[in-house]
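Novice: In case you want the letters, here they are:
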Amino acid sequence: MRINLSSVLVDDQEKALRFYTGTLGFRKKHDVPLGEHRWLTVVSPEDPDGTELVLEPDEHPAVKPFKSALVEDGIPFTSFAVTDVAAEHKRLEALGVRFTQPPVDYGTVITAVFDDTCGNLIQIAQEVPQS
Amino acid sequence: MDDVFRAIADPTRRAILDELVQRGGQTLFEICGRLVMKHGIRSSRQAISQHLEVLEAAGLVVAKKEGRCKFHWFNGKPLKAILERWPTDGRRS
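Quick note, the sequences are listed as chains A and B, same order. Residue numbers for the first sequence, in the working numbering: 294 to 424. Residue numbers for the second sequence, in the working numbering: 4 to 96.
The following block holds chain A by itself, in its conformation from the complex:
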């Protein structure tokens, strides 16, 4: 068994595609029309055959209260690995991304949290090698 997919629940798939590709820099992998919605996935250009992120509609009535409760407390829905949190923070902020937590250095890991404009907070994390 292996993990090939992971989902984020987004309020608008087209807007999400723009943010996750145009701003974050992922690449579209699958885009299959399924009636009202699409089977829409993106991958990292650093790992095009790796885990796909499904940009999944958040239309189930239970999802919105769940998402807003997480956002109110600043809790990210998921986390992506980066090599330099400070550089990503600078790059994304210049693109207008709103951070709810600027880079914080915890010694073993540096993290930051931003708003994905689709109703989620996302963490970026950089592991700091321990000597």
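Do not take every clue at face value.
[To be verified] Just some of the chain B residues that point at chain A, by a computed CB distance under 7 Å:
id	residue
1	T30
2	L31
3	K73
[To be verified] Lysine-lysine pairs mimicking DSSO-like chemistry, simulated, CA-CA at most 27 Å apart:
id	chain 1	residue 1	chain 2	residue 2
4	A	K357	B	K67
5	B	K67	B	K83
6	A	K383	B	K41
7	B	K80	B	K67
8	A	K383	A	K308
9	B	K68	B	K41
10	B	K68	A	K308
11	A	K383	B	K80
12	A	K383	B	K73
13	B	K68	A	K383
14	B	K73	B	K41
15	B	K73	A	K357
16	A	K308	B	K73
17	B	K68	A	K357
18	B	K80	B	K41
For the record, the hints were derived by calculation from the structure and aren't laboratory data. We put the CB at the ideal spot given by N, CA and C, even for glycine.
Go by the hints and put chain B onto chain A.
Specialist: Okay, now just chain B, sitting in the frame of chain A:
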């Protein structure tokens, strides 16, 4: 003034204030992360949320919603009343 003394009598609540002095405007998630990673305080998010309520009631923490997120700041004003009652030089000016 009782609520201020009660609020700062607890070591977890003092650690929360320490972290908010370091950086104002933190979410509950960031506060919990800092307490775990920097202070080894592994209380539940719910417990930390209750500590924040005590600090807010004492006026030592101010919480504000910006957009859909709630952020927390330290407010030192209630501590001034302590120094006015017991001045650091031992005399009231």
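Novice: Give me the numbers of the hints this structure contradicts, sorted from smallest to largest.
Specialist: The structure breaks only hint 11.
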